[in-house]
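Chains as they are written, first to last, in this note's numbering: chain S, 62 to 393; chain L, 62 to 393.
For the record, the hints were derived by calculation from the structure and aren't laboratory data. Hints should not be assumed to be uniformly reliable.
Identical copies carry no separate label here, and so any pair may be met within one copy or between two of them.
Below, a list of computed lysine-lysine pairs in the DSS-like style, where the Cα atoms sit at most 30 Å apart [to be verified]:
(1) K96 - K157
(2) K313 - K390
(3) K149 - K263
(4) K389 - K206
(5) K157 - K313
(6) K206 - K253
(7) K67 - K206
(8) K67 - K96
(9) K389 - K157
(10) K149 - K183
(11) K253 - K183
2 protein chains.
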Amino acid sequence: MIELRKDPVTGRWVIISTERALRPADLRYDAAAPKDGPCCFCPGNEHTTPPEILAYRPHGSPRNGPGWSLRVVPNRFPALRVEGELQKEGVGMFDKMSGVGAHEVIIETPEHRASLAELPVKSTEDLLWAFRDRITDLERDSRLKYAMIFKNSGARAGATLDHPHCQLIALPVMCREVSDEIQGALHYYEFKERCVFCDMIKQEMSEDVRVVTRSSMHVAVAPFAARFPFESWVMPIRHSSRFELSDADEMKSAAEVLHGVLRRMSAVLDNPAYNFYLHTSPLRTPAMAHYHWHIEVLPAVTTVAGFERGSAFYINPVPPEEAAATMKKAGV
Amino acid sequence: MIELRKDPVTGRWVIISTERALRPADLRYDAAAPKDGPCCFCPGNEHTTPPEILAYRPHGSPRNGPGWSLRVVPNRFPALRVEGELQKEGVGMFDKMSGVGAHEVIIETPEHRASLAELPVKSTEDLLWAFRDRITDLERDSRLKYAMIFKNSGARAGATLDHPHCQLIALPVMCREVSDEIQGALHYYEFKERCVFCDMIKQEMSEDVRVVTRSSMHVAVAPFAARFPFESWVMPIRHSSRFELSDADEMKSAAEVLHGVLRRMSAVLDNPAYNFYLHTSPLRTPAMAHYHWHIEVLPAVTTVAGFERGSAFYINPVPPEEAAATMKKAGV
Numbered sequence: 062m063i064e065l066r067k068d069p070v071t072g073r074w075v076i077i078s079t080e081r082a083l084r085p086a087d088l089r090y091d092a093a094a095p096k097d098g099p100c101c102f103c104p105g106n107e108h109t110t111p112p113e114i115l116a117y118r119p120h121g122s123p124r125n126g127p128g129w130s131l132r133v134v135p136n137r138f139p140a141l142r143v144e145g146e147l148q149k150e151g152v153g154m155f156d157k158m159s160g161v162g163a164h165e166v167i168i169e170t171p172e173h174r175a176s177l178a179e180l181p182v183k184s185t186e187d188l189l190w191a192f193r194d195r196i197t198d199l200e201r202d203s204r205l206k207y208a209m210i211f212k213n214s215g216a217r218a219g220a221t222l223d224h225p226h227c228q229l230i231a232l233p234v235m236c237r238e239v240s241d242e243i244q245g246a247l248h249y250y251e252f253k254e255r256c257v258f259c260d261m262i263k264q265e266m267s268e269d270v271r272v273v274t275r276s277s278m279h280v281a282v283a284p285f286a287a288r289f290p291f292e293s294w295v296m297p298i299r300h301s302s303r304f305e306l307s308d309a310d311e312m313k314s315a316a317e318v319l320h321g322v323l324r325r326m327s328a329v330l331d332n333p334a335y336n337f338y339l340h341t342s343p344l345r346t347p348a349m350a351h352y353h354w355h356i357e358v359l360p361a362v363t364t365v366a367g368f369e370r371g372s373a374f375y376i377n378p379v380p381p382e383e384a385a386a387t388m389k390k391a392g393v
Numbered sequence: 062m063i064e065l066r067k068d069p070v071t072g073r074w075v076i077i078s079t080e081r082a083l084r085p086a087d088l089r090y091d092a093a094a095p096k097d098g099p100c101c102f103c104p105g106n107e108h109t110t111p112p113e114i115l116a117y118r119p120h121g122s123p124r125n126g127p128g129w130s131l132r133v134v135p136n137r138f139p140a141l142r143v144e145g146e147l148q149k150e151g152v153g154m155f156d157k158m159s160g161v162g163a164h165e166v167i168i169e170t171p172e173h174r175a176s177l178a179e180l181p182v183k184s185t186e187d188l189l190w191a192f193r194d195r196i197t198d199l200e201r202d203s204r205l206k207y208a209m210i211f212k213n214s215g216a217r218a219g220a221t222l223d224h225p226h227c228q229l230i231a232l233p234v235m236c237r238e239v240s241d242e243i244q245g246a247l248h249y250y251e252f253k254e255r256c257v258f259c260d261m262i263k264q265e266m267s268e269d270v271r272v273v274t275r276s277s278m279h280v281a282v283a284p285f286a287a288r289f290p291f292e293s294w295v296m297p298i299r300h301s302s303r304f305e306l307s308d309a310d311e312m313k314s315a316a317e318v319l320h321g322v323l324r325r326m327s328a329v330l331d332n333p334a335y336n337f338y339l340h341t342s343p344l345r346t347p348a349m350a351h352y353h354w355h356i357e358v359l360p361a362v363t364t365v366a367g368f369e370r371g372s373a374f375y376i377n378p379v380p381p382e383e384a385a386a387t388m389k390k391a392g393v
């Protein structure tokens, strides 16, 4: 069973996906494959994944063979399935939908034990290009509304495989977190006639107490109301609602800042487990004056428990000013 | 520093509380105190906690001494502080507020190694009475808007102490999760002139495929759009928006169902880590026709990772119909 169901109270959608229960859990996987590799994502094992959707490889090197520097494949244990029609159905008062969508794995590097923080900034840049390429491609599928790209790194952050990778889940409905952001940002815009992120960036760059690092066109800040210790947001300094419209210079600049955050976080917290995700506009949305794409980086150093789940309130023991100052210094 | 800060995009509040960083972490605490007790919550150690706020103890037994069956004390490492005035302030475009609130610990039993599931249902009933007593008392403090009562059981669910306990955090602002529920429920009510929870209960009890257990006046269901495997909601069958107005018969009936859920969950998942929390009306709110109090019980068996954080979408590998059937059987 793969289906989407809607909570009738809050409107929150969930994916009920029994196929995910079959995927190798941390321990079972680690028991089967040596910690140091090679694993199914390593060069030479291309045949163990479904055929590649995209790969960055030297001109002429054969598909689904070694030689690539980055590779995108369908997830073998998908949360959603790309085949089939999108069917919507009522079950008494409840609403459900067939589990149509895409679930892809972006293998960041051929090196099993590498990490984005240690690899040259070029790897981060390639990764952002892959995000752009996949969003642009998936945009053509009119069944899909949002492409959520995220990274789980380390078991504590939900990673089940060690080999560096990101994931992309494209959804046939909007996700609540981005909807809430867009609505909140629209509310601010209607009040002020300005983008809330642009205002935030302006204040942060002028106060300079929560800036973690910056490049020519991007900045990373520990947000004023950070939920987690050392949480950092990477944002374009100039207004832009769609990440995937970034040009080559912008991709390079964004990669520098994201890489800078990961490198500093790794130094300060001794290579912590972490998540990041890209918040950009929904697929096929025209440019919005009120929304601003960004990447949120969240080290997994605190436990989200009953209070956070029950209230959606967070308790953060490290003020973002301290986090930013520590991370800033780590880059010197 | 203890202060509340608001995210200018989504309106989500966070607590920045550096004092929490001082509290004993799982491992450090376990290293200091023997796993089997006695700990600071055990009888005989009453002097190691701040003075009790409430205790259920035989008539005449002295305060802050042994003899109690349930005891409520202030948290020694509070996320919020009960002293001081509620001051609200702008910081450029940002909003903050002094960290005024209450943070209490409800020690459920004198027995260090007990669990609600194993203890007689009377312990669960006493616990619900303590929830009621504390909410009723805190309601008199006009600075406070919401009392969130929750339980973290097991390290994986965020518990830092083994001795069975719940916590209460009373907040000077509404929490987003309950606001979202109330707003969603109001939206439904405006459309249908009926409470969404009442409709849900009616359908669940008539279909009987997601009912976990029931008593004379309460029912537990695995919700149609469950986020987590074996997630269960305890709800009064008859409409009621305020838990704290429950009478003695209702408290007994609610305790039977909550205890039944915990007992079944413990049997099916082999004593898992879990959270539960009470969602009731904000403090001092008149009865609402559209909202319905309930307790959400969430076993901590899956990892919330980048996708869930970035999208607020959840992937649940166990259909609630299966979870309910398994739990129902476990009670026979």
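Each hint tested on the structure:
| no. | hint | result |
| --- | --- | --- |
| 1 | K96 - K157 | neither (40 Å within a copy, 46 Å between copies) |
| 2 | K313 - K390 | within (23 Å within a copy, 58 Å between copies) |
| 3 | K149 - K263 | between (44 Å within a copy, 23 Å between copies) |
| 4 | K389 - K206 | neither (37 Å within a copy, 38 Å between copies) |
| 5 | K157 - K313 | neither (41 Å within a copy, 36 Å between copies) |
| 6 | K206 - K253 | both (28 Å within a copy, 28 Å between copies) |
| 7 | K67 - K206 | both (16 Å within a copy, 29 Å between copies) |
| 8 | K67 - K96 | neither (39 Å within a copy, 42 Å between copies) |
| 9 | K389 - K157 | between (47 Å within a copy, 24 Å between copies) |
| 10 | K149 - K183 | neither (43 Å within a copy, 45 Å between copies) |
| 11 | K253 - K183 | neither (39 Å within a copy, 56 Å between copies) |
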